[in-house]
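Starting from the known structure of chain C, fit chains R, U, G and B with the ligands onto it as the hints suggest.
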Amino acid sequence: MLDATETQETLLEVNNIEVIYNHVILVLKGVSLSVPKGGITALLGGNGAGKTTTLKAISNLLRSERGEVTKGSISYRGDAIAELNPADLVKRGVIQVMEGRHCFEHLTVEENLLTGAYTRTDGRKAADDLEMVYNYFPRLKERRKSQAGYTSGGEQQMCAIGRALMSRPEMILLDEPSMGLAPQLVEQIFEIVKAINEQEGVTILLAEQNTNVALRYAHYGYILESGRIVMDGPADELRENPDVKEFYLGVSEEGRKSFRDVRSYRRRKRWLS
Amino acid sequence: MFYREAGDFKTSYADDNQTFPIRFDRVRYYVVLAVAFGIIPFIINDYWANAVFVPFLIYAIAAIGLNILTGYCGQVSLGTGGFMAVGAYACYKLMTGFPEISIVLHILGAGFVTAGVGVLFGLPSLRIKGFYLAVATLAAQFFLVWLFNKVPWFYNNSASGQISAPERTVFGVPVTGANTDAWAKYLICLVFVVVLAWLARNLTRGTLGRSWMAIRDMDIAAEIIGVNPLRAKLTAFAISSFFVGIAGALFFSVYLGAVEVGEVFGINKSFLVLFMIILGGLGSIFGSFAGAAFLVLLPVLLKNILVGQLGWATDLAAHIELIIVGGLIMVFLIIEPHGLAQLWRIAKEKLRLWPFPH
Amino acid sequence: MLDQSADGYVTEDGRQIGGVLMEMRNITLKFGGVTAIENISFDIREGEIRAIIGPNGAGKSSMLNVISGFYVPSEGEVWFRGARRPQLKPYQVARQGIARTFQNIALFHGMSTLDNIMTGRMTLMKSSIGAQAIWKGAAEREETEHREAVEKIIDFLEIQAIRKTPVGRLPYGLQKRVELGRALAAEPKLLLLDEPMAGMNVEEKEDMSRFILDVNDEFGTTIALIEHDMGVVMDLSDRVVVMDYGKKIGDGTPDEVRGNQAVIDAYLGVSHD
Amino acid sequence: DLVFPSLSYRTGPYAAGGIPFADGYADYFTLLNERDGGIGGVPTRLVECETGYNTEKGVECYEATKGEGSLVYQPLSTGITYQLIPKTAADGIPLHTMGYGRTSAANGKVFGNVFNYPANYWDGASIAVNHLLDLNGGDIGGKKISLVYHNSAYGKEPIRTLEELSKKHGFDFKAIPVDHPGQEQKSQWLQIRRERPDYVLMWGWGVMNQVAIQEAANIRFPMENFIGIWWSGSENDVLPAGDGANGYKSLALHGTGSNYPIYTDIQKFVVDAGKAAGAGDQIGTVLYSRGMYAAMLAAEAVKKAQAIHGTGDITPAQMRDGMEALEISAETLEANGMPGFGPEFSVSCENHGGPGLGMVQQWDASAQSWSLITDFIGSDKDVIGPLIAEDSAAFAAENNISERCN
Amino acid sequence: MPEQLLFAVEVTLNGLMAGVMYALVALGFVLIFKASGIFNYAQGVMALFAALTLVGLQNGQIPFAHLINAIFGTKLHHFGWHMPAVLAILLAAGVMVILAILVERYLLKHLVNQEPIILFMATIGLAYFMEGIGDLMWGSDIKKMDVGLPQGGSFWIEENTQWLGFGNENFYGFFLDQLDIVATVIAAILVAGLVIFSQYTKQGRAMRAVADDHQAALSVGISLRFIWVLVWSIAGFVALVAGIMWGAKSGVQFSLSLIALKALPVLMLGGFTSIPGAIVGGLIIGVGEKLFEFSIGPLVGGATENWFAYVLALIFLVFRPQGLFGEKIIERV
Ligand SMILES: Nc1ncnc2c1ncn2[C@@H]1O[C@H](COP(=O)(O)OP(=O)(O)OP(=O)(O)O)[C@@H](O)[C@H]1O
Ligand SMILES: Nc1ncnc2c1ncn2[C@@H]1O[C@H](COP(=O)(O)OP(=O)(O)OP(=O)(O)O)[C@@H](O)[C@H]1O
Ligand SMILES: [Mg+2]
Ligand SMILES: [Mg+2]
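Residue numbers (the working numbering), protein chains in the order written: chain C, 1 to 273; chain R, 274 to 631; chain U, 632 to 904; chain G, 905 to 1310; chain B, 1311 to 1643.
Calculated directly from the structure, the hints in this document are not laboratory data. Using N, Cα and C, we set each Cβ at its ideal position, and we do this for glycine too. Watch out, some of these pointers could steer you wrong.
A few chain U residues that face chain R, going by a derived Cβ cut-off under 7 Å, partial list only [what the hints assert, rightly or not]:
hint : residue
1    : N657
2    : S699
3    : L719
4    : R726
5    : F739
6    : H740
7    : G741
8    : M749
9    : T754
10   : A764
11   : W766
12   : G768
13   : F842
Here chain C stands alone, though its shape is the one from the complex (with noise of 0.2 Å):
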């Protein structure tokens, strides 16, 4: 799957985050990753394991959660951009699709795509882009004079992507795109992920719970326990590998295992005992 776009060249470099909320409750314990220009990057990991705190860190949204980056540094580019606000770093390409849709509910659909030419100055182009949101999204088209709020989840998903994409990043931190979505549209929605990969070359940081359908399509993977890193690799070995088979993947070495026969018994993970 590794692709011709992808360079050596490294976009983003997190290294060695600390992030405490509330001074108080210590969630990223050191977390270091590099993510290569043109590249999907996947950051896997159970609930809690601080994806979205690692996404917020590097997007600079920690601070109006009260949590902050106590130690490490963040490089876009080689630049340190721990300081900028979540503005500026949009306009210099970076964009964040947060988890949970956060659609402006009173805007309609449309609307909430056009915020998302915010930092654009081409006017003119936004419009052709829209057309290419509703192209991906022939959805969104439908229900685009709706006030978001009273869209179906999925429809915010797609408004809440379509959004990002309005701002022609050069990156996208991906929170979770597939919660919420119907199978076929996850699928699609990894295709339209590829496709912009592939061909605006845009960079992909994405975190995910659906390991399956991310490792496919990403390049390379990062597993993230508790507030640490615990694996990291290029995506197919990953996918071979038998912990993260097991534990991420759903599937023993008999194939995948009904959800009926996962009764009674409980694992433990190698690496945690």
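Quick look at chains R, U, G and B with the ligands alone, frame taken from chain C:
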């Protein structure tokens, strides 16, 4: 490790449900009570009673009341002043109408009357939410004040339109009127505060309290899982108003002794009590006390420092006091939006971990 | 085709499913111009696990909202336990023994896990305001009694460690679990789950599946479930309703549904194993 | 030393009225210290405490200052006055509410330590009506007189008196309330425009005064037929309306303008010495004069008390005796550099309310000054006397007070 | 026409005008609420502060003179100039922009993503703070607002409507205050401008986005700082206009800050988020309270306006909980 809870295990759910599950807290609480009942009454003088303790205690009652409505049930109210006025006037009418009955009952009666009025003005809350409701409660504020000002029956047709509390006694000791001793004023307020705070604590930790908080946090979900919003909101209005009414009654009869409704129970009062609970901490009984203490003490303190110690002109001092109070409100909110109670909790968490940072 | 006589059928794994518990008859739901549900009928039988699937915006969540009385259908009837249900307020529906979880987690953020679950028992607690104010005596006894029941649920869901944590701070997956606990606390006849496994990794999905199966098994609770993970749906459910654009396009056992061309076209995209 | 608390309000909605009064009160005592070395050789000390016109702060101020040996309280707000009536009675400190407060306190038999000389609200209402009688050759039968009042205890004070007077003199009386703060008075003034009363009286305070005068000018109500109480007659009230306010009248408790010898002294001993209170820019205004006048009356009472008790450093109780024996004669005024500034009167055990005299002043917008247009006018004691007796009797009954002075 | 009817018409007309005056204040609230979900309690104080600054500049008052004099024993009062009104208005508007920047920088920035009630509370703190500063800076005496606005009843209207009474002795023609007429024109311009701004421009859209979700707005690159400074500046300007109008009526003094209380029912009725709502709400409240005072007031002793406005708004809300034009409150699970 100044603050420890380790080693404090509970063996029954009832134990786990008590107000201060941690022994350290419990002991501190009893010490405070002992000082409040056993020491302060003997050393209090007129100044401390009238300028600090009595208003603090009464505001604490009002703040607990408003906190039930706003902090626990999420219904922001700006009608506190009006409801306090109901309490005051109800108390006045009861005091003058049934002089042979104990003042304590009058005050409780005033609470019940206010609860009724509160329910009436709480009805729109079923439809109206958020700031719309807050502004709507101003209707109660303005209407009630107007009513008490306009209808002579409420002030027994006195020429001035003011109401004055006649002397009443509890166990033969005057608690209202000019001849009340400082300690008597203080003590009657203290008794009310302790009992009411205890009731509030019980109500907020049980089913009713949870239904309030559910409505506050997410009213639709609450309704879908089985909370009757009508009941939850109206009980919150009723109980909150009961507290506020008692605060109003005490404010009039014990603290001020004479009241003109527009001046004493105007909209500023509503805001003041709201400040107390926000600064103290929404949804926290301790916060109600902290907020009341802070906002009663701060101006007195500032005044004593600026005028008394530094000898500034009173007008400069008053302006600077405004600036400082306003500034402090902002600073506090920036440091800890969830109020003094939350600061206290964080401090405890820090102390527990001490000397380790995390 | 299963034998669907009036008094139930036996599932593949040999469980006895009872008579009709709830029946939706010709439900139509409109919002202004949008028709979210169009003339849909289906039933839910006692003891079964019934899945509702369909693409985003199909009207699944709206259907649950109709069942819980939050949306009033423009047309159609709801039958519960053999009688037509008049239009009830949501809390009255809850009192009839219908509990649910929500697609976008709707926990009470200001309260602890314990309090959230205790709130779920709201419908079962009876002590008067006076008794609660006094506390000592009746109220305390009742509280302790229900606390025990709640502790059982906490044990069952394995969330003992977060008993006293404010739910706002919990990671997503745990929040979902708490929400399930809150619904279970009401000891419902019928449990409605709206995407209980969205945003979870395989491991967590397995846990959640286990809980659902156990609830169904141990308490005999009837379950209606919306889910996008086909693996889960196929493995867990006894019968599946498929919706698309507000219409019902399929209804039957997982296998029947999987084979249905309309369902494949509208929803599954590729057929899923 | 002789302690005079000054419960001032230099902030809040009424600050504009509170500042000049407080300055005047303070400057007069400063003058006494600087020029005469105090009163009877004992220096005075002013303890100022900011109330913001707020009752609770008033209570705090009272409690904070009473321990310092405060001789007399001048609470300056009806609300605070009502607080202090019982409190001062219990503490044995006299209260002086000059031209405000509880009117029936004029009855010294019931209110032993409250004084409201030289005139009260009911006097004010009567003085205004008497002025109108003078203008109309003694007959105002059939005339329409409206009262625009602040909808509070203060504003309602004159209503009863005016009703009685309307019965007596046969004029049509109508009361029109304005709710606090009184920023918007369209309805009231449209009503006045419709009904065209011959005269409008006003019991206003704060912003209500300014708006009322502006609105009266807007509907072109003849300003000379518009008369305010003495709390509606300061420069603050008329200046914002500009030329429109020309001709507006108000009652005056005391002289106006700076043409009194005392101002030379104040300039010399206080202002030039850099000891003026506040910003020092209020000297000569109406409310400044009122503060000064109140201070002068207090100082005279101290002198009286010193004379009676033969001691310089008097106690509050002795001060009370001084106030009850106060006599203000033309000579006293003259001696204080305020000839003709206030009425001549004396206080007695029965009468704490003074003579009930007041003047009428009129605003000249071009000269930006008030000028007195009448001499002292008396009030109708036949009407007011019974009202006071009735109200104070009610108070006495309510509080189990037995009459003094018998 | 019968006399009572004529008077009722006159009362209605004046009610409309009064409503416009309320709407001027309400507009400021709406703007800030729309852009940040903040219920800006300080709006009234901002009007006072703006008016004080305007008058102070015009009369060449030295800011903080009293404080300076008290500390250094100087005798400063005036610079000794008299500034033309237009220049003073521009400068005062400039001061409001600076204020907006300061507010954003020292207050709002730190409160991103907080609950509305906390933000509301912070603006109350701000109100106190500015009240203190305003007093300290310009003094608490009453000042005359003189920017050359016409005032007083319009003769022209009075004369040209007298015939409506058809010889009725008691009817003198309609009374309309010229100041109110000017206010109406200004309000109309302001509203039209603001509606266009918020509905059809990029910044307007961004402003509404910010109101919905601070974090999401940040994440798409909207600079909260810029939007807030912008909106608070506009609100500051609206406050200045309101301050001028109300100041002309009553003189510039502390009570000016209380006009906020007249604006709240307007806001509630029109909807917190709707600019046209502020105007329509103002008109309804203005007419409603005046007519009520005119017809029912005499029966219940008058002075009903304060509470009636609120009760009227309350009744409206029971039927439309989001106000007349407010955005529908989205209730979903
Ligand atoms: N605002 C906050 N205050 C306190 N703790 C927080 C806050 N946000 C997150 N946390 C804690 O930080 C930890 C990591 O959370 P985070 O949301 O980053 O996890 P995640 O990997 O994104 O999980 P999920 O897959 O469920 O989204 C969790 O334990 C959570 O409880
Ligand atoms: N209250 C409402 N007002 C207007 N439209 C609504 C409302 N609720 C739902 N809708 C519309 O009805 C349709 C069905 O929504 P619903 O939430 O039921 O979809 P869903 O099947 O649950 O989708 P998803 O899987 O994405 O959650 C959507 O198009 C949505 O926009
Ligand atoms: Mg996450
Ligand atoms: Mg859904």
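Can you list which hints this structure breaks, lowest number first?
1, 3, 12, 13
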